[in-house]
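Q: Letter by letter, the chains look like this.
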Amino acid sequence: MRRVVFQKIRFFQMFLRSFFLQSLWNFERGLNYGFALALLPVLRAVYQEEERREALMRHMSYFSTHPYLASLVIGAVARLEEERSKETTERGKMRKEEEINALKIGLMGPLAALGDNFFWAVFRPFCVFLAVFAACAEVFPTARWAGLGAAFFLLFYNIFHLFIRARMLRRGFLHGDQAVLELQRYRFQENISILKTLLAGILGVFAVLWNSSVVANGTALFLLKLVFFIAILGLYAFAVRKRIPSEYLVGAIVLFAMVLVYWPKLSAAPPIGSPTGG
Amino acid sequence: MEIGWTPVLLLATLALDATAVGQFGFSRPLVAGTLAGALAGEVHTGFFLGALVELIWANDLPVGSHLPPDLTVLAGAAGFTAAKWTKEGLSEPAGVVFFLLVVLPVAVFSSRAEVVLRHWHSRWVLWVEKEIQKGRMWKFEVLLPAALFVQWLKAALFSFLALWVAHGLGRFWSWLPEEILQGLEYAYWFLWVLGCSVLFELIWNRKNAFFFFFCMLASCALLLFADAPPLIIALAGLVGVFGYGLFQRLPIRSGR
Numbered sequence: 001m002r003r004v005v006f007q008k009i010r011f012f013q014m015f016l017r018s019f020f021l022q023s024l025w026n027f028e029r030g031l032n033y034g035f036a037l038a039l040l041p042v043l044r045a046v047y048q049e050e051e052r053r054e055a056l057m058r059h060m061s062y063f064s065t066h067p068y069l070a071s072l073v074i075g076a077v078a079r080l081e082e083e084r085s086k087e088t089t090e091r092g093k094m095r096k097e098e099e100i101n102a103l104k105i106g107l108m109g110p111l112a113a114l115g116d117n118f119f120w121a122v123f124r125p126f127c128v129f130l131a132v133f134a135a136c137a138e139v140f141p142t143a144r145w146a147g148l149g150a151a152f153f154l155l156f157y158n159i160f161h162l163f164i165r166a167r168m169l170r171r172g173f174l175h176g177d178q179a180v181l182e183l184q185r186y187r188f189q190e191n192i193s194i195l196k197t198l199l200a201g202i203l204g205v206f207a208v209l210w211n212s213s214v215v216a217n218g219t220a221l222f223l224l225k226l227v228f229f230i231a232i233l234g235l236y237a238f239a240v241r242k243r244i245p246s247e248y249l250v251g252a253i254v255l256f257a258m259v260l261v262y263w264p265k266l267s268a269a270p271p272i273g274s275p276t277g278g
Numbered sequence: 279m280e281i282g283w284t285p286v287l288l289l290a291t292l293a294l295d296a297t298a299v300g301q302f303g304f305s306r307p308l309v310a311g312t313l314a315g316a317l318a319g320e321v322h323t324g325f326f327l328g329a330l331v332e333l334i335w336a337n338d339l340p341v342g343s344h345l346p347p348d349l350t351v352l353a354g355a356a357g358f359t360a361a362k363w364t365k366e367g368l369s370e371p372a373g374v375v376f377f378l379l380v381v382l383p384v385a386v387f388s389s390r391a392e393v394v395l396r397h398w399h400s401r402w403v404l405w406v407e408k409e410i411q412k413g414r415m416w417k418f419e420v421l422l423p424a425a426l427f428v429q430w431l432k433a434a435l436f437s438f439l440a441l442w443v444a445h446g447l448g449r450f451w452s453w454l455p456e457e458i459l460q461g462l463e464y465a466y467w468f469l470w471v472l473g474c475s476v477l478f479e480l481i482w483n484r485k486n487a488f489f490f491f492f493c494m495l496a497s498c499a500l501l502l503f504a505d506a507p508p509l510i511i512a513l514a515g516l517v518g519v520f521g522y523g524l525f526q527r528l529p530i531r532s533g534r
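If you're matching them up, the sequences are chains W and F in order.
Each step along the first sequence adds one to the number in my numbering, with nothing skipped, and position 76 is 76.
One gets my numbering by counting positions in the second sequence from 1 and adding 278 to each.
To be clear, the hints were calculated from the coordinates, so they are not data collected in a lab.
In this text the structure is predicted, and so the values were computed from the model without any measurement.
Among the hints, erroneous ones may be present.
Each computed DMTMM-like pair below joins lysine to aspartate or glutamate, with the alpha-carbon atoms no more than 20 angstroms apart [stated by the list, open to error]:
1) LYS365(F) x ASP505(F)
2) LYS408(F) x GLU49(W)
3) LYS408(F) x GLU28(W)
4) LYS417(F) x GLU54(W)
5) LYS225(W) x ASP505(F)
6) LYS412(F) x GLU247(W)
7) LYS417(F) x ASP177(W)
8) LYS408(F) x GLU98(W)
9) LYS412(F) x GLU54(W)
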């Protein structure tokens, strides 16, 4: 009973420490410090002073992956470190160390690619856009309550991501070197595709809502504005695809808007050299 | 008009969430902008500025060593000052674009400073390794609060700088000609289209493009022929879109 309680406390400590994974992000070793920090409760529990020092040094090697999915590796390595501590021969310990290294190196690349593609590129923009959509659709009673959109984003995003982090840590600890099989259960690629389709649909509805303010002035004006919106959308999407940095695009758009305002005045001015033009 | 230390402290604390602690989303422009707007007494301005920043930089991902501009500082400082000046009579769209432009260089500079900080981290990690080898294990954990404090300090410095620049230049908006303010209002609409196009580029494929146009036409029909209010169109859109998503997930659909 006591052992189970201690294990749960260690598990909770690892979970909390995994939030500091990127605290000392560096170009030479990536997230090595954060990874070792998260493992420390387990290393303290299973090793004596000298072995703990060696284990900590082993985990200061290069490690870089997605911060949410890293929990799977932390859990799996914690399990393997526990197993290593029970090995009685030097040969057995060496073999476990190789297993740990292979697991870290083998998982960090795929997890980084999956995490970046799912969480950063799709899930986060999806949650943000849902919040913006709700605010624009006047779901909140008055303009003063638009801030609820941010609360909605935080709630929706964190419930899911904290669940994934905790579950990955637990499953990694349960499965050890077989942790990679856990990844298949989540069907990340399939979910990315579905979320993108949902986002496309919501974006379509948003385009209508965003331009709907001119409907009162006539259907033709609304349709014209919508067509203009789509044309500009296509043009920008092309520029974005060409990897033009957003900072430059913002500057170019503001300049273009200024030209739009000043153009009628410039074209109405008398030509240079004429009696009234100077 | 005073700025005070509260927004600096707020933004510096929120910025820690970006890489150092948790990544819970508190450092995202949507949240930072909204909180800064609330602090200035105009939540609506802060929220929409944050949303705009969030959408425009949605595809600029912190993958590997690449760093986008410091969006927490950008949305927070611009949101705070835009909200303040909106209360003084500046129109919301013009204020949002004006302060976005003013704070953007500081945000870019802040992300360059992050690169320098990461080089420092390399040295600190090497130092702590040597200390562990010497048997001084306690220094390993002491490094964490020290590193967090330095990151907080860096964020506070750039938040202060951004707010100071925005506040200083913000005083001149009333001197701007009417045409410039009108141009900024036009730019606001164009920037929202840019935000949508960034999302569109993220989701782009033939099937999604078809679904986008289908949902747009269906919403148009609801608006023009049924004269439905925005809330009804939004709810109908969400039900339709999520229904389609659910249909995609059904085992019978995907052959499982």
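Q: Evaluate each hint against the coordinates.
A: Against the structure, the hints come out as follows:
no., hint, in the structure
1, LYS365(F) x ASP505(F), "violated (34 angstroms)"
2, LYS408(F) x GLU49(W), "holds (16 angstroms)"
3, LYS408(F) x GLU28(W), "holds (16 angstroms)"
4, LYS417(F) x GLU54(W), "holds (15 angstroms)"
5, LYS225(W) x ASP505(F), "holds (18 angstroms)"
6, LYS412(F) x GLU247(W), "violated (48 angstroms)"
7, LYS417(F) x ASP177(W), "violated (31 angstroms)"
8, LYS408(F) x GLU98(W), "violated (23 angstroms)"
9, LYS412(F) x GLU54(W), "holds (11 angstroms)"
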